[in-house]
Every structure is written in structure tokens, then in C-alpha cells.
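> These are the residues of each chain, in order.
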Amino acid sequence: MLDEALAAYVAAAREVGNPSSLHASGRHARRLVEESRERIAAALGARPSEVIFTSGGTESDNLAVKGIFWARRAGSLNRSRVVASSVEHHAVMDSAEWLGTHEGAQVSWLPVDSRGRVDPSSLAELLQSYAEEIAVVSVQWANNEVGTVQPVAELARLAAEAGIPFHTDAVQALGQIPVDFSASGAAAMTITGHKVGGPVGVGALLLGRDIACTPLLHGGGQERDVRSGTLDTAGVAAFATAVEITVKGQAAYAERVGALRDDLVARVRALVPDAILNGDPEHRLAGNAHFSFPGCEGDALLLLLDAQGISCSTGSACSAGVSQPSHVLIAMGADDDRARSSLRFSLGHTSTRSDVDALVAALPGAIERARRATAWKTPR
Amino acid sequence: MRVLAAMSGGVDSAVAAARAHDAGHDVTGVHLALARNPQTYRTGARGCCTLEDSRDARRAADVIGIPFYVWDMAEQFHANVVDDFVAEYAAGRTPNPCLRCNEKIKFEAVLDRAVALGFDAVVTGHHARLGDDGLLRRSVDDGKDQSYVLAVLTGDQLSRAVFPLGDSTKAQVRDEAARRGLSVADKPDSHDICFIADGDTKGFLQRQLGSTPGDIVDGRTGERLGTHDGAFAYTVGQRKGLDLRVPAADGRPRYVLSITPVTNTVTVGPREDLEVDTVTASRAIWHGAETPVECDVQLRAHGEVVPAVVTVADGELTARLLSPARGVAAGQAIVAYQRDSGGDIVLGSATITAGVASEALVAARA
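In order, the protein sequences belong to chains A and B.
Under this note's numbering, the first residue of the first sequence carries the number 1, and numbering increases by one thereafter.
Under this note's numbering, the first residue of the second sequence carries the number 381, and numbering increases by one thereafter.
Keep in mind that the hints were calculated from the coordinates and are not lab data.
Errors might be hidden in some of the hints.
[Said to hold, decoys possible] Only some residues are given here: those of chain B computed to face chain A with a beta carbon under 8 Å:
#1 Arg439
#2 Tyr449
#3 Ala496
#4 Leu497
#5 Gly498
#6 Ala501
[Said to hold, decoys possible] A few chain B positions that, by computed beta-carbon distances, are all more than 12 Å from chain A:
#7 Leu384
#8 Asp406
#9 Pro447
#10 Arg493
#11 Ala494
#12 Gly535
Please read all numbers here as calculations on a predicted model, not as lab measurements.
Glycine included, each C-beta is placed from N, C-alpha and C at the ideal position.
Just chain A, with the same shape it has in the complex (with noise of 0.2 Å):
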């Protein structure tokens, strides 16, 4: 966490207080839960009314796809169907994929190039095959794999033309890139604390204050009915301070880590030729190195990188801890084996020359081995 944010969850959480309550300390309870709302929207360009807190993107991203869906479905019967490009976050995917399981919904998943990003004109044919049938269309900001920056604006303003809700999962966006909630033409949009240097367990959706949304959680009715549950006013403050300061910090942030991110491509495509580096060269997030080492297994280069102290990653974890190949490369167009041999480089504010320089140290030997570890797979 941030120290400022740190410093804004002690105060608040020394003061007792439920936001919901009339007396005194609910009052000073809800007035810094309400004055972090309007942070919040003044930050990303969004009105106070149309945050909605949650307990972070999952649960964001839950309330709008399944919300959304439910509350369009609710006024035409023929709404049924959900869009989503093929790389988005599990929370997004799982939702829309639970909805055609247990709701009846058709899911249409937009491809996406060999970089990651979605073309506006596949969009854009499926919203004329079914603009009466769509309930909402969901694409991510940004990618958490392979850091590629979708065309939101272009996506949002085709949705709305057609009078369809789209929501963006920005939580990997915030603070890397410029996001904007009105300029994006975005219906709704998640974001979460913990990506931005605030708390876990906090974070928001951004919804349009003419957006029908159902809710998941019912109750007491707090956040505009839509998200029942006492707020959490500590976390609250301190995500509204994380999110104004890495709003304010992303330019330079973005410039120094961007630069950090391009010498340590640099560095390891000299050093290993045939790596390939995944996800889009231009529309990319910062901090985002992504690659494929053809002829390693991105778990052993994992294991051995992290015996030296260096952090990285293979995609998500999934059943038992058994790494999966990412479905975000293979929409790519990645074969199992590309998918498997992938790793993660994520630079951020903490990140320096020497920890790009370690890695550049550690990675041949790392690779020579990794390379050695294959024999393994096949049974004799």
C-alpha cells in the first residue's frame, strides 16, 4: 500500500462509525465515504452518483456482466445473449460463461489478432446480426496477461450506437494509462484498490447513472440499491487516496517505467534471440514484458528465476495449482506448447536498473536449464 493510503486507512479506521447510521459517528463515517466518492469520480471523470463501491474487481466485474444482463433480460425476454472479447480477466469470462450454464444466455466471444486486440468491425457485425438480442458487451481496458490496450472508446461508441450497455474492466489500466469513465463512452467500468496502492478487498463500479443493474447482493439497500452491505469506510478512504495520487503520478510514471520496461526487451532479445515478445508493441501497458521461450517450460523457468529472488509469472493458476496454458495466448493464436513456454515480467513503482539488471544476469543460465528440464515430459 501506498504510505499516504496507509496513512488515510489508520485514521479513518481509529473512528468507529457506520456510514448507514444517523447518529454522529455515522454521520463523520459517511461523510468521509461520500467526500472518497467524489475523489474517486473527480480522478477518473466519472460523477459521484455513478460509483458504486464493491469488494473489488471480481465482485465488479460479477455485478456488471451478470447485473447488466439480468436487468436488460428483465425488459425484453429476446435479450439474452452476452458478448466478450476472448481475453478477458476469469471474472469476466466466468460470469458470462455461468450465465449461458445456468441462465439460458447465448455468449459470443469477440477474437482478437495475434497481438491481443479486438477489432471494432467484429464488433460491430455482431451488433448488427443481433442488436436485438444483445444485453451487454464486455471488453477489457487492458490486458493482465500480455498488457495489450484495447480500442475501448471505438468498442463503447459502437455499443452505444446500438443502444447496448458496455462495460470495460479497467483494473489493469488504472494508473498505467489515461482512463477517462465519461470520455470512454463506457456504460460501466471495474476497477479495484490493490492494482493502484490501495487496499485489497476494495474497489468499485463505475455505472452510468441511467444503467439498470441488477444487484447481487441484497439488503440494506446501500449504493444506489445496487451493491447492499455496510461500506467499508477505511478501506474507502484509502482506495480514493490511492487511486487520486496514482492518477496524478501516471504520466511520469508510465514515462519512467515504460522506458525501464523497453531496455529490459531490449536486453533479452539480444540475449535470447528467439524469444518472442507477446502482446501488442504499441498498445501496451507500461510495466508489462511478456514472453515466449520457445523450447522451455515457463513453470522450470519460474522455479529457477525465483530461486534467485526473481519474480514472475506463468498465467493464471488453476485447478491444484496446475498452470494451464493461458487462454489469452491461445486466443491468440499461440499453440499449447508457445502458451506453456510463456513468462511475465511486471516492472512497477518499486522497480529499478538493477532489477532489470538481475534479471539479465540470472535469465541465459535460467534458460539453458529450463531447456534441459524438457527431456522430462516426454514418458519413456
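Assemble chain B onto chain A, guided by the hints.
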């Protein structure tokens, strides 16, 4: 040493990893995901290879303070252990999948990968002693001794294995786990076969191999006594589940004497016809000195030992039993032990191909 601890999520492997860590080794924990679909493997008290086991292993690694990863070995396990298990039964033999898993997965696929990644050895929670002399010996806990399913390992494999539990009883291991704050301290032991969810081996084989009715015949008279749904479901020495309509002439129980896959026939007879005094076996691994040698042989997991004279030549092992043994099934291992005060020393192992009764033994039956 830089060692890889295979952690099943059970108490033994957790304590083994902890001891290796205490001994000053650089330990990395690995849980082997063996099921293609973890939900299909058994759950609950008999658990192994489930999501819960994976979490238990991770939790233990966290408590010990070592890095932890999950390795997906499902394809290798299926090809080398499960498919082999089914094929062996189909061929009329009785395989030991735990032995096979040690041979092909833990000390081949996993060990090879570990060595390639720069590890020196694989640590497991097996109950067996492996001393500085490189010799494999029984555990001090007779009831838990697993030397029988490890005897298949070659000298090369053993040189890269570490078994930290051989000098402890199971009760001591559980006490130590509790002292160390490992939550698996009172987790029930796993039994049976991990990839047969309900413990019903016959049902599992029938699903894999289908139902092929055949005859149950009397070994002495050749008389047809009944039918079965597939000879593969029977094991030499088996008494229960024969479901014979015709009672034996002498009223005594009958046992499975042999299984003949070619004719899909199960041959039964009285208990004494199970007795054999010569065992032949193939794929011999021999650590001992020159043969013939007099030693004790064990013919199945947790079975009694029988004194024998063992000869090994060209990968074939022959054991002349000094007292007859019953229920000797092809496909099981014969393991030869040399009596030793520090735990009997494993001399070698081979896969049983046949148990034979000498003419003298047959004559003695009549």
C-alpha cells in the same frame, strides 16, 4: 544439497521435507498433480491427489518455510501407471501401481526433471532406510515399511533419493508433525489405490476393459464350476467373490490358482494347490553380491518373508523357496532381503512371472 521434496499433502512427506530443511538442505517442495481431473480421484479420509491434498501440501510448505510448486504429472502418471495397471490386469497379472509410480514417476520423471533443473536429489516421505552405505533397508516401523515398493529403484536412482523417515515409527512422525505445527499431523493414512475413487478395483477394471464372460474351472478335474464377467478381475490366491454354485466335493473352500487371459479362464482349487516352491521373475534389479545366495524373499506388499535361494542371471531371477508359499501372483514384485540388525538390507527385486510347484511338492499334495 539442493533437494526437491515431493509433497503429497500427507503427514509423512511433510515431516520428511521439514527434516531435510532442518538438516540444512536447500529444500523446494513440489506437489505432483497426478489426476487428469482432480475431482475424479478419491476424496475424504482416503484422500490423495485431490485439490485438498494440494492445499495441505502448500500449507505445510508455508509452515516449514520453503518454496512450493505444483508439477503437472497427469499425462506421465496416466501413461506409465494407470494404463499399465489396466494392461497388466488384462494380461492376467496383478500389478503394484505404487511400485510402478516410484519407478516411473517419482524417481524417473520427477527425478530427471529435478536433476535437469539443478537439484541434487529427491526427498520423499517413504518409510525405508537409505544409509550412507547406499543400501536400502527396511523401516524401523515394520507395519509401515515401504522398502518393498522401493526395491525396484536402481543404484543410480537410489543415489539421488533421500528418505528421512526410515528411523522413525509412524507414531513418532505424527507426534513430530504436531510439534512442528503441521496441520496434517492427524490426517488419516491413505490406503488402496489413489486413482480408483471408490476403492472398487473390480468395477474400475470392468469400466476400462468391459465385461467378457468366461469359465471358472476346477484345476484338478477340468470341470466347469461357474462363470465370471472377466478373468482380469481375479487375483491368484483370491477366495472371496468366486460365487460358485457347485460345492467342492470335499466341502473345503476353493481359491483362484491361475488366470489364463487367452482363454479367459479362471482356474480354482483347494488351498494346498496354491503352494509353489519356485518363483521365476524378470526385469531384475540386483544390488547384492554374486548369486546364488540364501536370503529372505517377500512376494507381495506387507506379505510374510520366505527363506529362499536366489539366483540372478541376465536380468532373470529364480528363487527356490525353502518352504512353500501360497498366493504368488504374476506381476507382483519379489524382493530379496539379507538379514541385518540395522534393518534387513534389500538385495534386489524383480517382477514375478510365475510361481511353480516342483514335482516333489505336487506329489506331497496327493
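> Taking the hints in turn, state whether each one holds.
So, going through the hints one by one against the coordinates:
Because the closest C-beta pair between Arg439 of chain B and chain A is about 12 Å apart, greater than 8 Å, the hint is violated. The criterion of a C-beta within 8 Å of any C-beta in chain A is met by Tyr449 of chain B, whose closest approach is roughly 6 Å, and the hint holds. For the restraint placing Ala496 of chain B at the interface with chain A, the shortest Cβ-Cβ distance is roughly 4 Å, inside the 8 Å limit, so the hint holds. The criterion of a C-beta within 8 Å of any C-beta in chain A is met by Leu497 of chain B, whose closest approach is roughly 5 Å, and the hint holds.
Interface restraint check for Gly498 of chain B: the shortest CB-CB distance to chain A comes to about 6 Å, inside 8 Å, so the restraint holds. This hint is violated: Ala501 of chain B has a C-beta 16 Å from the nearest C-beta of chain A, more than the 8 Å allowed. Not every CB of chain A lies more than 12 Å from the CB of Leu384 of chain B, the least distance being 10 Å, so the non-interface label is violated. Asp406 of chain B, annotated as away from the interface, has a beta carbon of chain A within 12 Å; the closest lies near 8 Å.
The Cβ of Pro447 of chain B sits about 6 Å from the closest Cβ of chain A, inside the 12 Å cut-off, so the non-interface label is violated. With a closest Cβ-Cβ approach of about 4 Å to chain A, Arg493 of chain B is found to fall inside the 12 Å limit, against its non-interface label. With 12 Å as the threshold on Cβ separation, the claim that Ala494 of chain B sits away from chain A is violated: the shortest Cβ distance comes to roughly 8 Å. No beta-carbon of chain A comes within 12 Å of the beta-carbon of Gly535 of chain B; the shortest separation is about 18 Å.
When each numbered hint is compared with the structure, violations occur for hints 1, 6, 7, 8, 9, 10 and 11.
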